[in-house]
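Student: Residue numbers (the numbering used here): 1348 to 1979.
Honestly, the hints are just simulated from the structure, not real lab data.
Don't take every hint at face value.
What the hints assert, rightly or not - Only pairs whose alpha carbons sit at most 30 Å apart, straight line, appear in this in silico DSS-like list of lysine-lysine: (1) Lys1937 x Lys1837; (2) Lys1558 x Lys1651; (3) Lys1544 x Lys1684; (4) Lys1428 x Lys1469; (5) Lys1469 x Lys1651.
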Amino acid sequence: MYKSLEKALLDLEKAGTLKRVHAEVDPHLEMAEIARENFRQGGPALLFEHVKGSKFRAACNIFGSDERFDFLFRDGIEQTKIAVNFKANPVEFFKKFFKHPKPSELLRLFKAACAGIRSLPKRSGSIKDFEECRLQDLPQLFSWPLDGGAFITLPQVATRPSENASILQTNVGMYRIQISGNDYIPNEECGLHYQIKRDIARHHQKALEEKRPLKVSIFIGGPPSHTLAAVMPMPENLSELLFAGMLGNRRFRYFEHEGYIVSSDADFCILGELEPGLKPEGPFGDHIGYYSGKHDFPCMKVKKVLCKKNAIFPFTVVGRPPQEDTLFGKFIHDITKPMVPASLPGVYGIHAVDEAGVHPLCLALGSEAFRPYVSPEEREPMELLKTANALLGFNQASLTKYLLIAAKEDNASIDVNDVPAFFAHILERVHFDRDLHFQTATTIDTLDYTGTSLNHGSKVVIAAAGVKCRELRNNPSDLEILALPQGFKKATIVMPGVLMIESSAIPGTNAMPPATHGTENFRELKTVLANWKFRENYPWVSIIDEGAANIAASSEARTNNIFKDFLWLTFTRSDPSQDIYGLDESIENKHWKCKAPLIVDARIKPHHQKQLTIPDEITAKAKQILKDAGVQ
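Let the sequences and hints guide you as you build the complete structure.
Tutor: Okay, structure coming up:
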């Protein structure tokens, strides 16, 4: 159990998994690139002792490995999993424990029950435990060159539905906080970028309806379990504060100050109010691997900034996966896995694919039992479509852009976490004249700019059930008889059944409106593919920008990298309704259909955001600082 972030970092240092950086580091680009390079190297947690322009120390890569997760939460992880299992299905939970009771199992159950009671939030501490500072005193973290200002990237944003709500009704979420730049009044305002479908939105809406400002508390640091609780998509009626107490094996301690909740163990607390007015927030280099643009978002009027005497500023850096937040996602999936079948009957597995930017691509395993009496040859997606609709209305899965769903009856060993095998299973069975189901004008992830405007775009469900309708091939000689038309070059086999074809710049293409990008451009390509002997054996074709794929030299690395490139390029650079094409496209009773292969235009379009890049000199300096600190 840790009483503070510093105690946790000292424990990591004692275990040999933290390094101190004694050299002065610049929070403008340099500190973030050190964090990225350190993560790429599989390095330890880092504690920066001298941050340029700030009296506070900073820490990163705290959660940068599975081993550190296991180490930091070793005292609370078992009881937390037991609690989530109980919440998921209490009847089955008790059946499991009491059908054949074992003393060791009963002891675990008893300890978990006691831990739940001991994890309730506790009033403790006072304003006297803190000093006051200003926003500009915090490390001014700029992660990417075009960021609109300095950001807090590991905040715990606490709000309540009403000012007299109980502590257990408090929602704690993680939404980036912009603390400088744009039109914000220095030290008096900050931007709060909360996304759609978040609990804070309901609290804000209620406050607006009641014509009162929403009081917001932003905690930074404190025990590592507090940070994890802010990221977790908690089950209904299970408080993030209770979760933090269970996972950290120590009750969340708090007090109230002028109507605000203050975390007694936090390193920093920013207290303020959200009022009706909005201000431009961003740009910000985001976790999909592109910038999110500048848009109007709630502006928080800062009333007070509190800090501990020896406060440490924790931060993370996002970008094209994998990054540190990849490990967050893996940990969250491990904890919440039992909740999926309980919340979504008929779903046996779900995987938001990190390499594809998480929300752009989701794989799901369901059941096709609506007609159990039909033969496998007659089986088609029916129950799967019901399940798909439920998934697209469930928690953060509702942000999914491409949902690929298969029936477990077709393959007993199919696993949503084996992405290439799952993808192949779908492609072997999908009927493009029947199994593609679009939502052409709907909400999408705030961070996804492939749609028609902010939060607006489309989704597609690709459902597959029944026996194979095609065989997939992976033979380079097949490409020798594929004569690509002008403007297209270098067809590459990504995996059995999947091609990536590079597209060179075509005069006028980048000036076309998004809706007409593929019309003229793909006409000749479709003709070539229609006459290709192996078109059914390669039912998925992604069109990418020339030179976009990073193909490694060695065979093993090349295979691994090209599939990751395929996932990232295809699903972060395409909008289903605008960018999916096929042979012999037609619409029947409002249903779009085609013949294989499916063609996805995954090129950068004029309305997309810029890809994240960092100057070479910043990377070189980051590597040198790590080397000097003894991180190899």
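Student: Within 30 Å, alpha carbon to alpha carbon, are Lys1558 and Lys1651?
Tutor: 22 Å, holds
Student: Is Lys1469 close enough to Lys1651, meaning Cα to Cα at most 30 Å?
Tutor: Within the cut-off at roughly 23 Å; holds.
Student: Could you grab the alpha-carbon distance between Lys1428 and Lys1469 and see if it respects the 30 Å cut-off?
Tutor: 22 Å, holds
Student: Under the criterion that the straight-line Cα-Cα distance not exceed 30 Å, is the pair Lys1937, Lys1837 satisfied?
Tutor: Cα-Cα ~36 Å, so violated.
Student: For the pair we were handed, Lys1544 and Lys1684, check the Cα-Cα distance against 30 Å.
Tutor: Holds, because 21 Å separates the two Cα atoms, which is no more than 30 Å.
Against the hints set out earlier in the document, a violation occurs for number 1 only.
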